[in-house]
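Join the two chains, each given in its own frame, into one complex according to the hints.
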Amino acid sequence: MKNSLHISLNQKINAFLLIVIVNACQIGVGIHGFQRVVYQDAKQDAWIAVILSFIYAHFVAFIMIKTLKMFQDQDLYGIHQMIFGKYFGNFLNSLYVLYCSFAFVSIIINYKEVINTWVFPHLASSFLYISLLIIVIYTFTGGFRIIIGISTINFLFTLAIPIILLVPLKYANINSLLPILDNDMINLLKGVYSMTFTIAGFELINFIYPNVKEKSKVGKYVHIGLLTTLFVYLTTMLIALTYFNGEQLNKLIWATLSMLSMIKLPFFERIEILIICGWMIIILPNLCIYLWAAYRGVIRIKSISPNKFVWSFSIVIFILTLFINTRSQIEMVNNIFSKIAFIIVFIYPFILFIFALIKKLFTKRKVQNDETI
Amino acid sequence: MKSMKKNLKKKLAGIKDKQPNQQNQENQEDLPIYPNKNDFIKSVKDKTHSPADLIIRYVSPTITIVYIDNLVDVQSLNELVLNGLKDKESITPSEIHSILPIPEINLSIKLNKSINEMLIGAALIHIVGQPEVVIAKISSYQSRGLAAPENESQVIGAQIAFNENINTNLSLIRRYITNPNLCNEKFTLGRHTQTTVSMLYIHGIAAETHVNTVRQRISDLNIADLIDSAVLAELIEDNSFSIFPQMLLTERPDRFSDGLLSGKVGIVVNGSSMAILCPYTFFEFFQSKEDQNLRWPIATFVRLLRFVAVFLSIFLTPIYVASLTFHYEVIPQPLLVPLSESRAKVPFPPIIEALFLELIIELLREAGLRLPTKVGQTIGIVGGIVLGTAAVQAGITSNILIIIIALCALASFTTPNYTMGNVIRVLRFPTIVLAGFWGYYGIMLAFCILLIHLLKQSSLGAPYTAPYYPPRFKDWPDSIIRLPLLLIKRKSVNTRGGNSEHPINEQNGGKKV
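Protein chains in written order, with my numbering: chain A, 3 to 375; chain B, 895 to 1407.
Just chain B, with the same shape it has in the complex (with noise of 0.2 Å):
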């Protein structure tokens, strides 16, 4: 199975592949570098097709500098190249290799190279009748100022989030981390975008075999171009087919470090506020970075409580509608009379009532989401209380069930990760349709199928249920529950290295039975 999903991945990667036309395919070919300035700049606009930015500088009858506007740093390139440059009539590559007082220098005598080093910000010094040109790297990157996270909001703890440089975001991780175990390796991923992917781990507490994987599947990748985390993340997953997320997309550097240092294995993306974090298991996902900083006890009440919150959240609206349509037996009298009054004008079967309040719900928090803050926050509010109020009013939905969804819908988003959030919001319709069929058997249906997954599922070959399956006692500490740090293990099992006791589903390839 796992074998045919990787074929399906490389098929899904070839058609992508189709695209390509034979335009760059003549890009392809590699060219040398002319000693003819003339020759050399023809060479370069032909390549990049004359862009306007393309900037080609004289500084003496012999030297000649060409870069791309905005990618450069100019103070770096008038007060170090210009200057270093200014004066000198004959020169060789390698001494200006030299001379030149710049951090990232490099020679190359291949055209392609240097055009791609140019695109990233690179300034190329030619000298007349040499084979050789000179890469000055001193690009500079326009990218934000460091933020306080939006998404993953914390009271106590770091305010401090990642943005769209890969180089700020790997000083703050080096920032947390000062270990010279942390290895980095760099992946270059698209062909049309040349990402710089990063993969980070701590040499001796991550697992061999988890870093192997992560390795193989980021070199096996084959994509035209990779603009965020998120679509790395699914294009190496384990089962991309899941609906349930099998690797932490963070954007807090603590929690990314917290994860290295817990022995997992962490991706960062030019470009992507978003860093991935894997191996993950279900139960981490309703972890927070908080959790750590408050007290024990009222860190085990919030995990409990987000736990019961995602319980409510699936399986309240379900309930409502099996037992108003099917068991009304287990409704205790007293209930049953609030209930019916609610009802009484109400036209609809309980499973219309219920997808229908469900759908107002959700179609509120798209529009909030997708509106500017100030507008979003008003709409949610005016929408949710006139729609509600409006919609008991007219007779078309009863108040008990306008309670219910509310709950269901505010218990939903308790859960710390966005992607995690919503699934579990997503998960209520099939269920609520199972329930309106089915009843308590639909419900027990959907619960056993979705346990099935969860229990079928990976994340990098570990499981995803663990710690309580396949149960790792030492892990129970800090799952569900938060004991006092003195009683967690700092290594979590699941990402344990070496001769692991639990190969589970180690090798992608096995079938099991």
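Excised from the complex, chain A in its bound form (with noise of 0.2 Å):
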């Protein structure tokens, strides 16, 4: 069983990087317009449901990392391996590197669709899936540390949306929060499910663990990560809720986009044009990084070079996306990943902490009968 996984020191990063890892993995295309999502659901409470959302993330993301730290120095694919055996380990190890393509499908169809609603009208899908992928495979090729260091770049990037929305806010309506928890729990409770497709992304820790070199600081940074997250996410659906009357919002697919184009500078309008492009910068680590977690699932279960991975990852995915088009489909695509991603992001760890726990009590009482003979 390959279960060791050497990770030569040059591969490890300080622990304090994942502040901007979680962060770089949560936010991605789902802020263009989860508000609509959330509030059809919760209402004006949808800012609640978005606390709430990080509160049991936080919840989740504490049991994963206590599962990590059963098994020392391993990633989830090695757990799988260690719990569950080779065969049926394998299985689970499949499925997840299924789930991280199905993600990075998801993203870079959603990102093609707002380019070609937005910027360019008529511009060859194909062409901007052939120029996303050729980036990603060019920051993949340069290894672990060069996308590590397009998220912290990311990160700068991803600060600069709540204080660009600040310009928007003069228009609020606070009223329009009010009254507030006036929906049942119920509703609540589906606006925090209908969260999960935007701020699934911090389970790709469960991969990127055994990269960090401080393992004891793991919990606080990744709680960090979350909270920055948080933050993006609650002022950006704050300033939503009030800058919209409650039924445009029902309407509007891209709720952020839309408050941007607001903007005026004196040499520049429709600032969201140059947002929205800019938006590369922050979807190529959530790209490199699932697109990493998956080549890492695919080299436990057959050795393969990662250029002859990325490759070939790439022309799959290319061939794909081809046949996703119109928006009805992509909505469809939406809806089955972000059910796949609670089921995954939100349910299984616990799963598994059970699991492990039991393997490990297993194991131990296993040491000591075999102490006592």
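Take the hints with a grain of salt, since some may be wrong.
What the hints assert, rightly or not - So the derived label-pair ranges between C-beta atoms look like this:
| no. | chain 1 | residue 1 | chain 2 | residue 2 | range |
| --- | --- | --- | --- | --- | --- |
| 1 | A | Leu267 | B | Lys1368 | 35 to 45 Å |
| 2 | A | Leu322 | B | Phe1205 | 32 to 42 Å |
| 3 | B | Asn1073 | A | Leu11 | 25 to 35 Å |
As the list claims (entries may be wrong) - Here are some chain B residues the structure puts well away from chain A; computed CB gaps all over 10 Å:
| no. | residue |
| --- | --- |
| 4 | Lys931 |
| 5 | Ser937 |
| 6 | Thr956 |
| 7 | Ser970 |
| 8 | Asn977 |
| 9 | His991 |
| 10 | Ile1050 |
| 11 | Phe1242 |
| 12 | Leu1258 |
| 13 | Val1269 |
| 14 | Ile1337 |
| 15 | Leu1339 |
| 16 | Lys1368 |
| 17 | Leu1381 |
What the hints contain is simulated information worked out from the structure, not anything from laboratory work.
Positions of the beta carbon are idealized from the N, C-alpha and C atoms, including for glycine.
Structure below.
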């Protein structure tokens, strides 16, 4: 069993970089229009749904890190193999690889949709996919450190979003938030559930964990990272809720972008066009980290060189994405993905944790038995 | 990848290897010193193909002096060597060795070594009956005097530059750094040129790994000739395929010494007025030595200005092209009127217009550079004004684009390092093309590729984008800003030694993922 993962020191990163990694993984295309999805269920309490979803995310992250700490220096793939044995473990691993690829596809088609709607209505989607994939390949071949480097730059960009959104704030109507909690709990929880597609991404710490130098600080920085993402999402949500009338929000697919389009500079209008193109740098680490996580899974099953992997992966993704064209198809993919993401990100860690506990107990007893004998 | 590049480099060096012809190989076989006077002279003449400037002087019936005209110092030859050997009839080489008042004097029994020494300015003293020759090193170097730096001029600070003589340069550096730990390792590179190369570093400050890497890379070189330090820098760089320079070429001894003191490794090449400093990060290329001499708020302002200039220089023209080609809606209405007025007569799409003007600017720059100084300036001004005005009046470009292009050109010249300034200027062209085809999306593609490329680079294995990635907060006070000197740690973290916390790319071979 190829369980031990050899990571050389120059592939390791400082724990505080987890802040930017968690942030980079979580903020992607979702932030363009998550307000509508949450608003549909939770109405004016959507911001509470955001907070609740993050509280849940913190809890999940806590469980994940607990599980990871049980197995020294292992990523999720290794843990699968250790708990479930080679065959079933590899089966779960391939499911996870598929999930990562699915996330990759979902991000890339959503971005393409935004570009086609806002910037270039007739730009061929194949060109967009090829250009994005080429950049992803270029980053990926640079290695893990380059991917994290891009995340670091992306962190600055994401932190700029709330600052830019301060401009629409002058038209905000705080009364739109009232009455607070005028909604039944079920709808609020539905809103929380709708947030999952948006805030999925932090599950990738499962794979980055072995590459972190100071393991004891992982928890602290992951939680800080989650808090910074919460800050970005919460401000975006609050500003959207107060800027738009409730019913307007129901009809806007990309509420954040619509808000941006009112910003005017003396020499520049329609700033959202620039920002959408600049969004490339925000989805790039997203794509690369998912790709990297998928690669980690694949080499557990079959050893393959990173170059070969990334090229074949890109070709497959490119062919797949060509079948998804219309808005309704994209919506369908998003719906399926949010369901899968909910199960994998928000439920599965608990199941795994229980299995890990049982496994630990079992091995401990075995060791004790061995000792008594 | 790295190892592949290494191999490629070796291959390239190998191609040069094949140059030496048979004659050179003939020269390789070593001959002894002939005790007989005539045999000795004949062997020297054979080896050197009896050049016209080979001088043979018979001091006495037994003593012969052979040297190359103009390579030896005539004064010391007359006063020290000839006077010292005046009345000596029978004398042994070791006696000469002890009586001649010359600082560097050697004995040799090998003909090849003696001739090599003669070719760099030694006089060979041969005594009949002795299979040994005395090598008196009384060489004189022709070099220009020390002058103010021309390419890296600054207002406040030392006004002295390296010249082409390695000894002068080394003495300049030694005058700045009086420290017994200043190490100087000498190499001789190039089979035809025998160029002296000195590697300098301060033991205890420079990282051991960097010193070893440089030493290894220089001694691995197998080249036929080496004329300038820029060539050496390219040969020992991490990635010769990148457009970005990874080692600094400086003509300022104060900047060089400053680099050594902050833990970098320096290389001085004989015959070149530019010295190499490495490892260097991307951001350090935009720092000037003068920044340390200015008040810190001003230095910070100037540094930030330079980075804004770099950004403008690369992206302003592309943004103009993209906005006018695809994104009319981003231009506010008041600005749209003058823009459309100035572009009303222009028959070309913005990309052609922009490329055309950029080309003119580059032509003016290149012409101004190649012409003699006085003519160059005139051509620059006259060409700029005449061409610019005429182009607008003829209606092939718009006024506003001329302003933008001039701004970009100006901005690209604020980069303190000439090599880096060139890179910034060239990067604009692919960005304009991408912007002309795909608007802001194309610009963003260019930006991303640039960013990833920078992240991928390394200088002597140290990260190129430090101190921002990997983040090294201790270095931030002296990066794109400069805080008061009290807050700046002298030793750059990028060049720290020993058990480095961030051994990024330290092993060149390691495959990452």
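Hints and how they fare:
1. Leu267(A) to Lys1368(B): 35 to 45 Å: Given a distance of about 36 Å, which is inside 35 to 45 Å, the answer is holds.
2. Leu322(A) to Phe1205(B): 32 to 42 Å: The hinted range 32 to 42 Å holds for leucine 322(A) and phenylalanine 1205(B), with Cβ atoms some 37 Å apart.
3. Asn1073(B) to Leu11(A): 25 to 35 Å: Holds: the Cβ-Cβ distance is about 32 Å, inside 25 to 35 Å.
4. Lys931: Fine: 64 Å to the nearest Cβ keeps lysine 931(B) off the interface.
5. Ser937: With a cut-off of 10 Å, serine 937(B) remains clear of chain A, as the shortest Cβ separation is near 56 Å.
6. Thr956: Per Cβ check, threonine 956(B) is outside 10 Å of chain A; nearest 66 Å; holds.
7. Ser970: holds (55 Å)
8. Asn977: At about 64 Å from chain A, asparagine 977(B) clears the 10 Å cut-off, so the statement holds.
9. His991: Holds, because the least Cβ-Cβ distance between histidine 991(B) and chain A comes to about 53 Å, which exceeds 10 Å.
10. Ile1050: holds (34 Å)
11. Phe1242: holds (22 Å)
12. Leu1258: Holds, because the least Cβ-Cβ distance between leucine 1258(B) and chain A comes to about 28 Å, which exceeds 10 Å.
13. Val1269: Label holds. Min Cβ-Cβ 39 Å, cutoff 10 Å.
14. Ile1337: violated (7 Å)
15. Leu1339: violated (6 Å)
16. Lys1368: Nearest chain A Cβ is 13 Å from lysine 1368(B), so the label holds.
17. Leu1381: Answer for leucine 1381(B): holds, closest chain A Cβ roughly 21 Å.
Hint violations for this structure: numbers 14 and 15, all remaining hints satisfied.
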